[in-house]
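Engineer: The primary structure of each chain is shown beneath.
Protein chains: 2
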Amino acid sequence: MSYKIHFSNRGHAYTEDEIRIATDAMRSADPLTQGRFRNSFEEKFTSFLGNDRKCFALCNATAGLEIAAMLCRFQPGDEFIIPSHTFTASCYPFIKKGGTPVWADIDPETRVANAQTFARLISSRTRAIVVVHLYGFVADMPEIMELAEKHNLLVVEDSAQAIGAELSGRKAGTFGDFGIFSFHSHKNITTLGEGGMLAVKDPSLASLVPMLRHNGHCDFNFARQDYWLPAMGNVDLPELDGIPLMPNNFCLGEVECALGTALLDRINAINRDRRRRALAFIDGLQDYPEIVFHRVDSDRHIYHLLVGKAIGNIRDEFIRRMALNKGIQCVVQYYPLNRYDLYRKLGFGYADCPQGDDLFDNMISFPFHQWMTEEQFAYMLQSAREVLNEIRQR
Amino acid sequence: MSYKIHFSNRGHAYTEDEIRIATDAMRSADPLTQGRFRNSFEEKFTSFLGNDRKCFALCNATAGLEIAAMLCRFQPGDEFIIPSHTFTASCYPFIKKGGTPVWADIDPETRVANAQTFARLISSRTRAIVVVHLYGFVADMPEIMELAEKHNLLVVEDSAQAIGAELSGRKAGTFGDFGIFSFHSHKNITTLGEGGMLAVKDPSLASLVPMLRHNGHCDFNFARQDYWLPAMGNVDLPELDGIPLMPNNFCLGEVECALGTALLDRINAINRDRRRRALAFIDGLQDYPEIVFHRVDSDRHIYHLLVGKAIGNIRDEFIRRMALNKGIQCVVQYYPLNRYDLYRKLGFGYADCPQGDDLFDNMISFPFHQWMTEEQFAYMLQSAREVLNEIRQR
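From first to last, the protein sequence lines stand for chains A and D. Residue numbering for the first sequence is -17 to 376, as defined by the working numbering. Residue numbering for the second sequence is -17 to 376, as defined by the working numbering.
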């Protein structure tokens, strides 16, 4: 059907300046990949994160998670703990690279896992914790890092939805060993629909990433007299703890990098704008306890999504009435991973995650693209009120 | 150093129309990935290839080779035969997916492997042949297909450099089981520096590609009454011959796809222009037998590169004089794969490929980006003549 307000997977529009930056790169970039724009983007992102992480631009965030998973060096039987309530790309790269998932539940208020929900799953087989700052909210990283240090665990921060979110003055993605960011179409900033960034804490692990990203390309480990002898460059096999890691091609193009660099100037404003609207919507429904929101009026939440949890088994009725009566396409996100056929077939179909299940089964995710007009936004708020009134009067 | 003519890794410039098409997509695409522009690009590419292949747009050609490698279903010990004289991304995806490379030599005239150089390496362990249409020249596909059919081998056509090249009215990439095309920065057409296409012959194998490309996303295998129940979509595990294949995220964005669609209108003209120039250069050096070229005045060669082979051990002297005296950056490409550290460390360091070695050790690859001016091109030809004259008079 055709909606008045559809659930867009495009997070934001580009300014004319940003379009000009992209077209300038289209005209001038030589080469069009792996050049100066990539270097600038990585340098600026490093600075954005606070200068203590080495950053690598990648074709998407899944590629970042896959490289992080390779660098986790899972041995047979090694487990990683991850919330079942997340996007599938948070998880499957770690299975590909040899890890066994253990499903953590979420905190019902914050909707992300916390130190307690992780702690109860730690065993002698646990190798890593995958924290997901879902919805744009930074999980309880100080407590989680304390837990990880106590048990000598690697920490991956899937910050795909949380670029620029902060806790105690530190950015999401800079607490653990690996921080992964997404510039996918739906995200708060997007590099033409696809793109990602991997931030790595340990310099020795970071030194492997260029080869893992780009076909194993590297310099020769000796000085050459002529630039073409013995060849233009070497291709080597990255190794970690004596184990070879096969390379990938996870490169991001120069136009995307030029655009991403420009968007970093705007990410904080976009995040503030999203939070302003989210809070207005949440407050606008404060007389309707039938939908519960996670209200955070600080940089800790950048509101990548606007998600309510319906109380009293009214979710499906609400979404149906919003769609049919108001032309507004609400959706439901983050099918608990253990319910998907992929995870069931791999033997990971059972999870003891009542809070994640309960959130999913009652979730209403409202259209929340930044380019929605104020008029549309006001119409959505008014429509939600009216639909809730209708349901009350059933 | 700064060159008058550098070896650019950017193949071509964009027209103002193409830039407008990209900016239109930047403004209008919703979503910015996996939407209608991807569908149009794939449909048009299918038509471009002659309508008997299912085509899939990907983040790069390596991703296409990796998916093809997964679909080859290598068992332990299975071999694939591939020329040692190629780019590393032609090969390593097949090693990642379990194949053992066997190095084929090239035909010294055409510079690609042929049925004879493949045939002598076929054993009971051979599973696949990876044909590389290197430089833009279509290998002897009818003979190679006859050989493959006789031995029941899969055939992968790495057509990264040969988009639009034809043999007997058939396009490169449409003879074998898999055809892979590249839109990398350096290629005859480029989708903003990164991009690729995978063409698949067998519809049942093709049906797995969408899931292998995009996180395992798929529809539920039952009709749903409400679009959000039980979830917005399923994630499943692709399986082939009962063996699960883990998915990837190999998506190409909408702006790239819109641009790629437009570039298909221009690829034949670009290829003709490249061939015209290559033939002019080759003919302009016909009085200099010190450099041998592969001259093909037909659609079978689209001259992705302009490569000569020096005779009489003058290669290094020639490149040095071109660089230092003329400011022209010639390069040397396709270090025999067995010489790279990656392949040596994996145990594939030996190859009996004298022709590939000889070509590499005497190769001169001239700057050949399409956006080189006619004046630069004439200067390069004149400089080559002068340098050869200098070398004669040593």
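What the hints contain is simulated information worked out from the structure, not anything from laboratory work. Treat the hints with caution; some may be incorrect.
Stated by the list, open to error - Taking CB as the label site, the calculated pair distances span:
| hint | chain 1 | residue 1 | chain 2 | residue 2 | range |
| --- | --- | --- | --- | --- | --- |
| 1 | D | Ser22 | A | Asn371 | 33 to 39 Å |
| 2 | D | Leu328 | A | Tyr332 | 36 to 42 Å |
| 3 | A | Ser29 | D | Met(-17) | 29 to 35 Å |
| 4 | D | Pro185 | A | Leu246 | 42 to 48 Å |
| 5 | A | Glu131 | D | Arg102 | 47 to 53 Å |
| 6 | D | Asn21 | A | Thr355 | 26 to 32 Å |
Stated by the list, open to error - Just so you have them, the derived chain A footprint on chain D, three or more residues with Cβ under 8 Å:
| hint | region |
| --- | --- |
| 7 | 0 to 12 |
| 8 | 63 to 74 |
| 9 | 86 to 95 |
Glycine is no exception: its CB is placed at the ideal position from the N, C-alpha and C atoms.
Engineer: Could you check the structure against the hints above and give me the numbers of any it violates, in ascending order?
Structural biologist: Hints 1, 5, 9 contradicted; others consistent.
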